[in-house]
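J.: As a plain string of letters, each chain reads:
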Amino acid sequence: MPDLSINFAGITSPNPFWLASAPPTNSGYQVMKAFDAGWGGAVWKTLGVPVINVSSRYGGVNYRDKRLVGFNNIELISDRPLADNLREISEVKKRFPEHAVIASLMVQSRQEWHDIVRQSQDAGADGFELNFGCPHGMCERGMGSAVGQEPKVLQMIVEWVMEVAQKPVIVKLTPNISDITEPAMAARRAGADAISLINTIQSIVGVDIDHFAPYPIVDGQGTNGGYCGPAVKPIALNMVKNCAQHPDVRLPISGIGGIENWRDAVEHILLGASSVQVCTAAMHFGFGIIREMVSGLEQYMVEKNFQTIYDFVGKALPNVRHWEDLNMKYQVKAHIHEEKCIGCQLCYTACEDGAHQAIRLQAGTRTPAIIEENCVGCNLCSLVCPVDECITMERHDDGTQHLTWKERTAAGNIPTTFNDELAGGRHHWVPEPAAALGKERHKTLPGKARALGVIEHKTE
Amino acid sequence: MAEFSTPTTAQEFAENFAQLKPNMSRNEALYESSRCLFCFDAPCITACPSGIDIPQFIRQINSGNVTGSARTIYEANYFGNACGKVCPTEVLCEGACVYNLQDVKPIEIGRLQSYATTQAIAENKKLFAPGLANGKRVAVIGAGPAGISAACELRALGYEVVVYEAKAQPSGLTLYGVAPYKITNEEALAEMAYLQGQFGYEVRYHAPITGRDDLAALEAEYDAIFLGIGLGHTSALGLPGEDRANCVGAVEFIEALRQRQAGTPVGRMVVVLGGGNTAMDAASEAARLGAENVVLAYRRGKDEMGAYHFEYDLAKGVGVRGLFNVAPLEILGDDYVTGVRFIRTAVADGRVQEVPGTEFTQPCDMVIKATGQAKQTHFLHHIPGLELDNRGRIVADAVGQTTNPQYFASGDARNGGAEVVNAAAEAKVAARGIHAFLSK
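These protein sequences, in sequence, are chains A and B.
Residue numbers for the first sequence follow the numbering used here, beginning at 4 and rising by one.
Residue numbers for the second sequence follow the numbering used here, beginning at 127 and rising by one.
Hints are computed from structural coordinates only; laboratory data are not their basis.
Source: prediction; values computed, not measured.
Backbone N, C-alpha and C fix where the C-beta goes; we use that ideal spot for every residue, glycine too.
One or more of the hints may lead you astray.
Pairs of lysine-lysine residues, derived as BS3-like cross-links and limited to a Cα-Cα distance of at most 30 Å, are as follows [as the list claims (entries may be wrong)]:
hint: 1; chain 1: A; residue 1: Lys69; chain 2: B; residue 2: Lys147
hint: 2; chain 1: B; residue 1: Lys293; chain 2: B; residue 2: Lys251
hint: 3; chain 1: B; residue 1: Lys252; chain 2: B; residue 2: Lys262
hint: 4; chain 1: A; residue 1: Lys343; chain 2: B; residue 2: Lys231
hint: 5; chain 1: A; residue 1: Lys307; chain 2: A; residue 2: Lys318
hint: 6; chain 1: B; residue 1: Lys231; chain 2: A; residue 2: Lys69
hint: 7; chain 1: A; residue 1: Lys318; chain 2: A; residue 2: Lys170
hint: 8; chain 1: A; residue 1: Lys96; chain 2: A; residue 2: Lys36
hint: 9; chain 1: A; residue 1: Lys155; chain 2: A; residue 2: Lys96
Computed far set for chain A versus chain B, every beta-carbon distance over 10 Å [claimed, not checked]:
hint: 10; residue: Glu115
hint: 11; residue: Pro389
hint: 12; residue: Glu435
hint: 13; residue: Ala437
Same shape as in the complex, but just chain A (with noise of 0.2 Å):
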């Protein structure tokens, strides 16, 4: 079998699944549980001076009948108080001496910093995560993204925490910023170990419409909070891409965001992660998905022949390019396999409405028809078909011609007028404008219905 287990900055842990620093992670309790059911290593809930939180705390984003697509809270740090929650962390260290226990830490002086790092590595913590990514509530008190958000302040912090910490430190780091390598190279300046992202992004998940009040409610009102969950993937692996790739960074990456599934967690380790940190799912459905995230972690080693972690390591990252360095002679076109239609007929709408009118309906059949001359190869048919492997994008270059943005432009053979030739639109077809008005079938109401039409009423 393959071997799972992560040496993370000098932090060890049985494999690289982590609960993130989050209300998964608020107990002594919580932690030897999700231990027992398979966890590798637990960010500690937040440490410092405790708080004081509100009621109600959490929104969700639903889509459709799936609940919980995003996810966001109002939650503060921790709201015990500290000598109960390094006495538990002792406790854990106790019974789970191999697995990684992290103190996160948020506090406001040097003094303080200082205190709580000596008091938590007496405790027995692994090693430290900074938070500096909480972007609500402890923020307007200078804390949390706050600091994130001011990588000279972030710099000087980490300094304070190097000053006395004997265990490795991670800085986490605030997605509320333009430039996450900023803070990110800031950490690395004061010489932290390791770097963790992204923290919750901020965010308001939904208005209540009948009582004009954002989620979550509190006493008829509320609060931008912090947005993670499924929906966040996408935002937090082109963070991690982006620290991963930039030269100054060089440090251990711990992913965080949307991460539910040994893919989801494959895919934070392609773009540079060597841990992952897992909160929303285990807050949605328990500490018992470990059980797969192992299972088709192990599985996908033994299928790719990688025999440790750091065998995929950033493997995508060499593949994650510039736009200007991609190869414009690379054409491919969609396929529709007839066989497999179900005559749907979405490919055909989205592509006549939200793309390039490069499908056609036919008659005798509801199986509609690429007209290859139009398609672009955007992809957007593969996505919206609800059949797998109905819609395909076939190659349609012979692999020979290599032409990137770059090169064009190093050519001087790029469009730099508003009318210019060179433009890549410019020999498309596009229907007339006015062959958009004589086409019933767009409006979704034909048949009988939209025979009859719908009495204007005039009523009494």
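Model the placement of chain B on the given structure of chain A, informed by the hints.
T.: Below, chain B alone, put in the same frame as chain A:
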């Protein structure tokens, strides 16, 4: 032992006749509506005789606009809830759902439709209002799906409408002829009350229009007359012994069942004659009323039955036994039925032929004839110039106008007997036809 014991209370009746398409909860509607693909030019719409914009109403349910969903449904079909429950959706909208081609369960369109309309009815949502009065009057004969649909549409167009109904309650076969496990009396009547509340047509119950004098009075009083009279009683078979007690017509049996419910008498051993959907209903119902043996006897083979497959499956599922390629010769008994004498048949060159020497007797204590309903030709002959086709159906043009221009017709009397949805859809068209005729 029979599958069902004879129901003696309303609750037992409700259990034996449990709804095939029970009302959805909000959660179930959310899950089911979430599955809809929102097909372009959706096949379900094309398959619906009333052309309801199904993807639209499902999307409205999904986004929490249930009232808007009910409006979408009712704008196309005034029997929105009834059709959601009683339509043979398996061969209409749900049969056309593209999921079938993917071996995925089709969307439960009928139940979603009823979810939206039931909520509008329960909350008495104001969706429609009578149109500005145009001073013209239309009489509607028959308060069934055709008549009520025509009345709604005519009211929306500003006509004064009086519906003449021979029976005590509205909605026709939805209340008197559909199997009780498809829709309850309360549900059928609630939709009627809702529609009448919205449109404000008048219904005169116990007001049969029977002869020339009645018609002449209507002709004088109204600008147009809509015929939504449906079909008549079960046709006689012309068999010896057909008049014995407990030899009943399916239509009459079902009507009694819908009215008397748990108190409906049924035999211990029942023979149902026929192979259509009404035969399947009657057989199922006899079994659910506690009959120990129900035999469905049909002149041809199983595959030649006119009934939908799922209707036969439903009957089989409650213990009904099929007896195929048999023709009844005589209803046996004294005052009461004691059996049916059959002869076996064979189909040669498409024609049913009796096989000599194969007579046998099937003992029973009840015979239900589900062998078709008579047309109301006697009544229709009182209408001057009204042409019927060779099967007794009213001849009408595309908008329902008959050969007597003052008369329009829709529903079973014109189409020979079809679904509620056909009557509802045709009547809407006919109402527009009346409007066009009277607007000339």
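J.: Could you run down the list of hints and mark each one as holding or not?
T.: Each hint tested on the structure:
1. Pair hint A:Lys69 plus B:Lys147 holds up; C-alpha atoms about 25 Å apart against a cutoff of 30 Å.
2. A hinted pair counts as satisfied when its Cα atoms are at most 30 Å apart, and B:Lys293 with B:Lys251 qualifies at roughly 28 Å.
3. Restraint check: the Cα-Cα separation between B:Lys252 and B:Lys262 comes to about 25 Å, which is no more than 30 Å; the hinted pair holds.
4. With a C-alpha separation of about 16 Å, the suggested pairing of A:Lys343 with B:Lys231 holds against the 30 Å cut-off.
5. Note on A:Lys307 and A:Lys318: the hinted pairing holds, with a Cα-Cα distance of about 12 Å set against a maximum of 30 Å.
6. Among the hinted pairs, B:Lys231 with A:Lys69 is consistent with the structure: their alpha-carbon atoms are about 19 Å apart, no more than 30 Å.
7. Note on A:Lys318 and A:Lys170: the hinted pairing holds, with a Cα-Cα distance of about 28 Å set against a maximum of 30 Å.
8. A C-alpha spacing of about 13 Å is found between A:Lys96 and A:Lys36, which places the hinted pair at or below 30 Å, so the restraint holds.
9. A C-alpha spacing of about 34 Å is found between A:Lys155 and A:Lys96, which places the hinted pair above 30 Å, so the restraint is violated.
10. Residue-level check passed: A:Glu115 sits 48 Å from the nearest beta carbon of chain B, beyond 10 Å.
11. With a least CB separation of 6 Å from chain B, A:Pro389 falls inside the 10 Å interface cut-off, contrary to its annotation.
12. At roughly 22 Å, the least C-beta separation between A:Glu435 and chain B is larger than 10 Å, which holds for a residue marked as non-interface.
13. A:Ala437, annotated as away from the interface, keeps every beta carbon of chain B farther than 10 Å; the closest lies near 22 Å.
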